[in-house]
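Here is what each chain is made of, one letter per residue.
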Amino acid sequence: MKRIEVLKTYKIYAGGKFPRTESGRYYLALNINGEPIANMCRGSRKDIRNAVVFARRALGAWSGKTAFNRSQILYRIAEVLEGRKSQFIEELILQGMTKSSALKEVESSIDRIVYYAGWCDKYCQIGSSVNPVSSSHFNFSTYEPVGVVGMIAPQDTSLYGLISALMPIIAGGNSCVLLANEKMPLCAVTFAEVLHASDVPGGVVNIITGHISELIKPLATHMDVNAISISNLPELKREIDLYSVDNLKRVRSYDVNWNSKGNQALHYITDFQEIKTTWHPIENIGGATSTY
Amino acid sequence: MSLSPTVDKVGVEERVSRFQKRSIKTSAKMDGLKLVLNMIDLTTLEGKDTPGKVRQMCYKANHLHDSFPGLPSVAAVCVYPSMVKLAKSMVKNSAVKVASVSTAFPSGQAPIDVKISDTKFAVDQGADEIDMVISRGKFLAGEFSFVYDEIAQIKEVCGKSRLKVILETGELATLDNVRKASDLAIHAGADFIKTSTGKIQPAATMQVTYTMLMAIRDYYDETGIMIGMKPAGGISNSKLALHNLVMVKEVLGEEWLTNKWFRFGASSLANDVLMQILKTETGKYQSSDYFTID
Amino acid sequence: MASKNKNWEYAPSLESTEHITLKKRYDLFINGKWVKSASNKYFKSINPNDEKVIAEISHANQRDVNRAIEAARNAYTKVWSKMPANERGKYIYRIARLMQERSRELAVIESLDAGKPIRESRDIDIPLACNHFFYYAGWADKLDYAFPNRQISPLGVAGQIIPWNFPILMAAWKIAPALATGNTVVLKPAETTSLSALKLAEIIQDSGLPEGVVNIITGYGDTGAAIVNHPDVNKIAFTGSTGVGKIIQKSIAGSEKKATLELGGKSANIIFDDAPLDQAVEGIVNGIFFNQGHVCCAGSRLFVQEGISEKVIRKLKHRMKSLVVGNPLDKNTDVGAINSKEQLDIINKYIKIGKKEGAEIHQSACSLPSKGYFCPPTIFTNVAQSSVIVQEEIFGPVLTIQTFRTVDEVIQKANNTPYGLAAGVWTDKGSRIFNLTTKLKAGVVWANTYNKFDPSSPFGGYKESGFGREGGLHGLSAYLKLT
Chain A
292 MKRIEVLKTY
302 KIYAGGKFPR
312 TESGRYYLAL
322 NINGEPIANM
332 CRGSRKDIRN
342 AVVFARRALG
352 AWSGKTAFNR
362 SQILYRIAEV
372 LEGRKSQFIE
382 ELILQGMTKS
392 SALKEVESSI
402 DRIVYYAGWC
412 DKYCQIGSSV
422 NPVSSSHFNF
432 STYEPVGVVG
442 MIAPQDTSLY
452 GLISALMPII
462 AGGNSCVLLA
472 NEKMPLCAVT
482 FAEVLHASDV
492 PGGVVNIITG
502 HISELIKPLA
512 THMDVNAISI
522 SNLPELKREI
532 DLYSVDNLKR
542 VRSYDVNWNS
552 KGNQALHYIT
562 DFQEIKTTWH
572 PIENIGGATS
582 TY
Chain B
15 MSLSPTVDKV
25 GVEERVSRFQ
35 KRSIKTSAKM
45 DGLKLVLNMI
55 DLTTLEGKDT
65 PGKVRQMCYK
75 ANHLHDSFPG
85 LPSVAAVCVY
95 PSMVKLAKSM
105 VKNSAVKVAS
115 VSTAFPSGQA
125 PIDVKISDTK
135 FAVDQGADEI
145 DMVISRGKFL
155 AGEFSFVYDE
165 IAQIKEVCGK
175 SRLKVILETG
185 ELATLDNVRK
195 ASDLAIHAGA
205 DFIKTSTGKI
215 QPAATMQVTY
225 TMLMAIRDYY
235 DETGIMIGMK
245 PAGGISNSKL
255 ALHNLVMVKE
265 VLGEEWLTNK
275 WFRFGASSLA
285 NDVLMQILKT
295 ETGKYQSSDY
305 FTID
Chain C
124 MASKNKNWEY
134 APSLESTEHI
144 TLKKRYDLFI
154 NGKWVKSASN
164 KYFKSINPND
174 EKVIAEISHA
184 NQRDVNRAIE
194 AARNAYTKVW
204 SKMPANERGK
214 YIYRIARLMQ
224 ERSRELAVIE
234 SLDAGKPIRE
244 SRDIDIPLAC
254 NHFFYYAGWA
264 DKLDYAFPNR
274 QISPLGVAGQ
284 IIPWNFPILM
294 AAWKIAPALA
304 TGNTVVLKPA
314 ETTSLSALKL
324 AEIIQDSGLP
334 EGVVNIITGY
344 GDTGAAIVNH
354 PDVNKIAFTG
364 STGVGKIIQK
374 SIAGSEKKAT
384 LELGGKSANI
394 IFDDAPLDQA
404 VEGIVNGIFF
414 NQGHVCCAGS
424 RLFVQEGISE
434 KVIRKLKHRM
444 KSLVVGNPLD
454 KNTDVGAINS
464 KEQLDIINKY
474 IKIGKKEGAE
484 IHQSACSLPS
494 KGYFCPPTIF
504 TNVAQSSVIV
514 QEEIFGPVLT
524 IQTFRTVDEV
534 IQKANNTPYG
544 LAAGVWTDKG
554 SRIFNLTTKL
564 KAGVVWANTY
574 NKFDPSSPFG
584 GYKESGFGRE
594 GGLHGLSAYL
604 KLT
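Here the protein sequences come in this chain order: A, B and C.
Each residue of the first sequence is one higher than the one before, starting from 292 at the first, in the working numbering.
Each residue of the second sequence is one higher than the one before, starting from 15 at the first, in the working numbering.
Each residue of the third sequence is one higher than the one before, starting from 124 at the first, in the working numbering.
By construction, these hints were calculated from the structure, which means they are not laboratory data.
Virtual Cβ for every residue (Gly too), placed ideally from N, Cα, C.
Warning: the hint list may mix true and false statements.
[Said to hold, decoys possible] Here are some of the chain A residues that sit facing chain C, going by a computed Cβ distance under 8 Å:
hint	residue
1	K508
2	T512
3	K528
4	D532
5	V536
6	I566
So that you can see chain A by itself, here it is in the shape it has in the complex (with noise of 0.2 Å):
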């Protein structure tokens, strides 16, 4: 008799924890044929407001977090999702890929996410400034991670474009509540997986399946989201746009090929920065043999 297989439950994923939907809905996810692959959790608001709490909790951590560290943590998602690529490229088969170009989305994820671990402790020293005013104060820019980022997942593929942009938000040392993408969902919950695999610590990235028509709203109107990602969704835009008002949340609209090797670079995590400048005095005016 033929092995009954153990079929795969897909969740959502908030706040380190992989729960049901609280509203206990389901949608069909389907293959390229219009087949179900698999029940996805029908996210609502409330799942919206819960990963927005879990994810501003895990801000300060994370952003605490060293440079250094955030770098590794990064590049061991690598790793794990290396380890994974079987299920990935099998999830994106299912999707309705090719063999050969599911195994290059994968592939070319996991170079991105490498990408990105090698940015977390370099991008400050690029775009920071020690800037020469003219009184006798030191005075120096840096960045400071804009804090909680709601993102929509590009909708024109299921993994590439979500690391391509998920990635940089988290290097920058924000957190992250995510809506994955909608007919093709399925790497986003493994993915979740990965990330809980890797040291990242529960509540960095809050992933979150469902209808995005019905999920934009409570996430770009939260008012304690400081910033919204989208790509690919010009549709969109308008929308979210007037959503973020109120807040004066920060909306970073990216029209990008993410599946284009050069799309990867340091303004997709600045992007996602404030500019902190600080300013001291200086004791010496005019050099170390001024008198008072």
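Start from chain A and add chains B and C according to the hints.
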């Protein structure tokens, strides 16, 4: 004694520049200049001082510029102990006081009994005011109680003479030290604190004077007791003197704007103030040829 | 011992107005020329010191806005975007120099029109404005160095709307980086303070800057809205209230217009018991009474460590005695006139609320001029984090004072606001400074100083204080398309 607050030099510079930006014109200038004259301690503290020189200076103290009526006298003449008796005889029957430096001025490098007898001598000779120096070496070595005790002992010898304690801020290196020394001197019994001997540069910069005024302010707030202030050395022109008055007015208040509580230790200041007064009065810029140099 | 029998008061020392020239009526500066507004409407610019009319200002309407933007577009496509960068820079240098040459005139006009003390406009506003042009002029041909690995191009036409608290300085903050990065400009000053911007237009005309590169049009909020909503504007730079900032964000939602917003604040100024206290008191005074408190980054929420609070408040009250409130043109004035009747009403409303909330009020015992709009320096103690006067931006010389015990407590309270523009920290302990400067959610943190500005130093806020930075290297990207 409460701990002295720290002092941020850049912040002090900024505050001082605000005093310097006060614009003193017309009646305020005239009143201020006369006030300055009346706060001057005419000073001669040279090894080559002669009775003749002291005599001339004491005469000038009451006759600043006789051709211009209505001018005040200076506050005091400041001399070495050996000249006190002579000075005293010259300014008797006037408002001008005689101040004497003491305690092995200007270095203060002598044992305490020498300092005491130095002071006693000046007091016995009739000095109204004693300008002592602190032991800067001990202060910088952190021997604060030594410095404190010295001041307290001299204060005792002074009797009714008012004690001015010279910190010699030019040797104290930092404003934090200036503040610490001010607090120490005040608590040890100083009636006045004074910046400098005039022998060391820098002397009475506004930054230093401001820091000392702040110590006086805080002491007054805590105890209700007024302490006097005497910047000495380096204040050679009217503008700088007026800026000092602005500083006293804003930091301490009007009560301090008399020569009972504020003095300028200076020798060349008086003539510049006189020239400014004449300029303000006549509208003409003045020549030093017309002002006596005693 | 002689004693003086009267107080020594500073005699009036008025800055002369002889050397300034003002027209009775100002037109709009469009395409390098002075043109009549299509609206044919004028409004009055009032001197807040004596409530007298200084000049009449044109109220630009939609047609004027269209003309100005068209001029800017033409100048952009035909001249400015084609000009070699170093030549562009030289024009900006020229503007800086011409402003320096006429700095006293600009200072006097600024004080007349805005009510700010001549000491501040002379020593702070005008020099900083000149320096801003000078600083950005040099960037024009060096932009590649600022953005390694990226292609840069200007955005096009920038619509810039500026507030009344630092009229010419804000004009400089806006125009200088826009020009250096190759954009053309339509600028609208605030309705109560148009004059210095119009003087700047004269200077720009004198500089020979190509026609239409900078257009300055005057008017009210409707004029600003017309600029924001105009389809041919590529960039909006706004400094003003958070309320208006949100309206702008709504207007441009979904569009490609890039925005920089410098909005309100309720900044915390934190004094620890080991601070250089007398300098800290100066910092409090500079933090809240500078420019009558009309400062978006004003240190309006004071936090004093419990053990020294009495002492600090005593010192502050004493210091307030020596603040001279009065005629902005008097060189000894420390606190000038409130910019407008409307603003004075707002401030007085908040003072009333503060009293009603049970806070304890102390005001400088200064005599206020009988005419004009004045408010004495005001402090409130016995306030709570939830008091309206602690939460809302007052934009006047009104300070609230709270005490705290621990570092964590004060960080929490300081960050407990929708705003995030600036903060101040006073302590002698270096490690504590860095702890606080890292944890305070604010774009600018002043440690052992307050309210310092410099062209090379980026300025701008977190959260509802806006986004984008102005000044320094970081101020460039707001005016560039980076690919």
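Hints and how they fare:
About 14 Å separates the beta-carbon of K508 of chain A from the nearest beta-carbon of chain C, more than 8 Å, and the hint is not met. The beta carbon of T512 of chain A is not positioned within 8 Å of any beta carbon in chain C (closest approach about 13 Å), and the interface hint is therefore violated. At its closest, the beta carbon of K528 of chain A sits 5 Å from a beta carbon of chain C; the interface hint therefore holds under the 8 Å criterion. Hint status for D532 of chain A relative to chain C: holds, with the closest Cβ pair at about 3 Å, below 8 Å.
Among the interface hints, the one on V536 of chain A holds; its C-beta lies about 5 Å from the nearest C-beta in chain C, closer than the 8 Å criterion. Among the interface hints, the one on I566 of chain A holds; its C-beta lies about 5 Å from the nearest C-beta in chain C, closer than the 8 Å criterion.
Checked against the numbered hints given earlier, the structure breaks hints 1 and 2 and satisfies all the rest.
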